[in-house]
Amino acid sequence: MPLIQIHDLTRRYVMGTETVHALRGVTLTIERGEYIAIMGPSGSGKSTLMNLLGCLDSPTSGYYELNGVNVAHMDDNDLAEVRNREIGFVFQSFNLLARSDSLHNVELPLIYAGLPSAERREQAVRALTNVGLGDRMHHKPNELSGGQRQRVAVARALVNDPSIVLADEPTGNLDSRTGEEILGLFEALSRKGNTIIVVTHEEEVAQHARRIIRIRDGLIAADEVNPNPRAAMKFAAGGTSMVAA
Amino acid sequence: MTLFSECKESAFIAWTALRANKLRAGLTTLGIVIGIVSVTLMGTAITGLNDAFRKSVGNIGADTLFIQRFSWMTSETDWRLSRNRKELTLQNVRDLDRLVTLCSAVSVDSGGNGTVSFGRRQARGVYVAGNDENSLTVRGLSLSQGRWLTAGDVQSGRPVCVLGSYLADRFFPGREAIGGKVKLNDMRLEVVGVLEKQGSAFGNDLDNQIVIPITRFSQDFSRWPDLTITAKVRDLSQVDDAREELRGIMRKLRRVPPDFPDDFAINSQEAIVTFFNAVGGTIAAVGLFISGLSLFVGGIGIMNIMFVSVAERTKEIGIRKAIGAKRRTILVQFLVEAATITLGAGILGILVAWPLTLVVDKFLAASMPWWLVAVALLVSVLTGVVSGFLPAWRAARMDPVDALRAD
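So the protein lines, in turn, are chains W and L.
If you read the first sequence in this note's numbering, its first letter stands for residue 1, the second for the next number, and so on.
If you read the second sequence in this note's numbering, its first letter stands for residue 246, the second for the next number, and so on.
Possibly wrong hints are sitting among the right ones.
Below are the DMTMM-like pairs computed for lysine to aspartate or glutamate, each with C-alpha atoms no more than 20 Å apart in a straight line [unchecked claim]:
hint : chain 1 : residue 1 : chain 2 : residue 2
1    : L       : LYS253    : W       : ASP76
2    : W       : LYS140    : L       : ASP504
3    : L       : LYS331    : L       : ASP504
4    : L       : LYS560    : W       : ASP101
5    : L       : LYS497    : L       : ASP508
6    : L       : LYS560    : W       : GLU122
7    : L       : LYS497    : L       : ASP342
8    : L       : LYS560    : W       : ASP76
9    : L       : LYS426    : L       : ASP414
10   : L       : LYS253    : W       : GLU169
11   : L       : LYS253    : W       : ASP135
Hints in this document: simulated from the structure, not taken from any laboratory.
The shape of chain W in the complex, shown without the other chains (with noise of 0.2 Å):
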C-alpha cells in the first residue's frame, strides 16, 4: 500500500470576485521511504500542494488517502490529530517557539499527542541528541544559529517518529554551507528509510532528492526519477554523523 495516493486533487480559492485556480487536478502516489522534491515557480500551486499533503489545507475536491486514511474531508480536529501522528514540518523560517527553549520546542508535538512528561522529555532529548544538538537543549531560539535553528526544528519533526518529513523551503533561510548540512541530514534519514518531501523552487537543493516533481499552473508537468541525485557535501560537524542511531 503507498503511502500517499491522491486523484485529481482540485483547490479553489475565492478571493473577492474572482476565483483563483490554485491546484486544478493533481494525481500522485508517493511510496513509503521516498525522497522527493516537489519544484516549482511561485505562483505555481507548490505551496498549495504542500498544505494539502501537510493536511494543514482541505481540497476542494479529489481524494487523497494518507497511511490508509482518506483525509481529504476531515474536520480541524481530526486533521490537527493527523498532522501530530503522521507529519512533521520543517519551515523555511524555522517557526520555533521563541520564548522557548530547545527542550520544550521539540516536545511540543508530544505535549499534543498526549505523552506523560517524562517519556516526551526522554524522547526530545534523544531527538536532540541525534542532530547533534545534545549540548543545546536549554537554549532559546535566538541563542542559537540559523543551522542550529533548524537543526532543532528537524528535531521537533522527526521526534513523534512521522510517516512523512515535509521540508518547506529547509535552506531558504540559511547560508549554503548550513544548507548543505540540513540536506545531508536529509539525506542521512532518508537513508534510514524516512519518508522526505521537500518543497523548494532551487534547482540545488532539488537535486539531492531520488524523484523530483515539477508543479506548473496547478499541474504536474514532470514527474521524473532522478538517475544520480547529489550527495551533500560533508563537513567536521555535520552529515551523517549527527544521525547515530
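Take the given structure of chain W and dock chain L to it, following the hints.
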C-alpha cells in the same frame, strides 16, 4: 491530551507570555484590581452592616414582644386608620402582668429627652426612660452599683433614678454616685443605682440615659406618655403562642368587639429583621451592581488585550496547530492566560482592599470574611474566562495556513 496537562502547559505558556509583556499585563490588570477592590469593599461594607444590625437586634432578643399603639411597619394608609387609637395605660400593664401565663415578665417603657444636671455640670439630650420594677430583666440591663427601681418606688412615684454609666462617670468621677442628688429638668432625684456599660444600639447611646419610675415619668416629665409594654416570653419556642395570648388579653382589656381589628400592635425583632432583609437586600444588590460595573469595565480591558495578544501571536498559533494542537487546546491556552491575568489582579485587589477594610472599620463596622475572599478570587477568574472567551475562540478557529503565513 488530557485537560489537566493542557491546563498545565497553558499555565506555563501564560506565565512566559505575561513575563514577556510585564508593563502591558500590569496596566491591564489595573482595571480588574480596581474592580475587585470596589466589589470586595462593597461586600465588606454590606457584611459589616449586616453584622452591626444583627448585633443591635440581638440586644433586643428574639424572646421579647412589644405591645404598642402602632406597628413598627406602618404604611401611610395604615397610619390614617390607626392614629386615633387609644393610648395604652398603666392599668393595662398591671392587668397584663397579672393575667399572662406564657411570659416570665411584663414591664412598661416610655422614653423622652431631657436635661440632667448635678451642681454646675449639665448634660443635654439625655434619654429619659420611664420604667417599672420588671424593666431591668425585660430590657436585659445589669447594674454595676446600687439597686434597680422597686415596686414601691414605682407605686408611689418616688423621686429616685438609675443612671447610665456615662452619666455616672461624668457627674461623679471617682466618687460614690449612690445617694447623689441630680436634677432632671426641674425634678430632684436621688441616685439609687448605676447601670453597667452598654454601648449603643440603633444609634442610641445606652450609657447616656436616666431611668425613673414610670409613675413619676407620667406625672412630672410627660403628661400623656406613649407607653410600650414589653413582655419577655418564657420559652423561645412559644413566641407565637405568647403573642396570641397577649393579643387575646389586650383585646379583652381594651374591649375590642369581636369583629373589629386590634387597636394596638404587637411588635417584635422578627418584624425588623424581615424589614431589614428586604431593604438590606436591595441596598446590597444595587451596591454590588454599581461596583460590579467597574469590574465589567476591567473585563473589557482584558478582552481588548487578549485580542491584541491573539493577533500578535498568530504565527505561534499557526505553529502550534501545524504541530498538532487542536481547537480546544488553543482555546484553553488563551483562556488560561486571561484567567491568570485576572486571578493575579484578584489577589492584588484583595491585598489592596484588606488594609482599606481596616480603615473603613474605624468609621463603620466592616469585616472581610474568608468566604468573601474566596468569592472575589472566583469572580476574578470568572471575569478572565468570560472576557477571554471571544479572543480565545478567534484564536482557536484560525486557519493554520493563514496563521503560519503571518509574521
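To see whether the hints hold, each was checked on the structure:
{"no.": "1", "hint": "LYS253/L <-> ASP76/W", "result": "23 Å, violated"}
{"no.": "2", "hint": "LYS140/W <-> ASP504/L", "result": "92 Å, violated"}
{"no.": "3", "hint": "LYS331/L <-> ASP504/L", "result": "18 Å, holds"}
{"no.": "4", "hint": "LYS560/L <-> ASP101/W", "result": "17 Å, holds"}
{"no.": "5", "hint": "LYS497/L <-> ASP508/L", "result": "11 Å, holds"}
{"no.": "6", "hint": "LYS560/L <-> GLU122/W", "result": "28 Å, violated"}
{"no.": "7", "hint": "LYS497/L <-> ASP342/L", "result": "14 Å, holds"}
{"no.": "8", "hint": "LYS560/L <-> ASP76/W", "result": "17 Å, holds"}
{"no.": "9", "hint": "LYS426/L <-> ASP414/L", "result": "14 Å, holds"}
{"no.": "10", "hint": "LYS253/L <-> GLU169/W", "result": "34 Å, violated"}
{"no.": "11", "hint": "LYS253/L <-> ASP135/W", "result": "27 Å, violated"}
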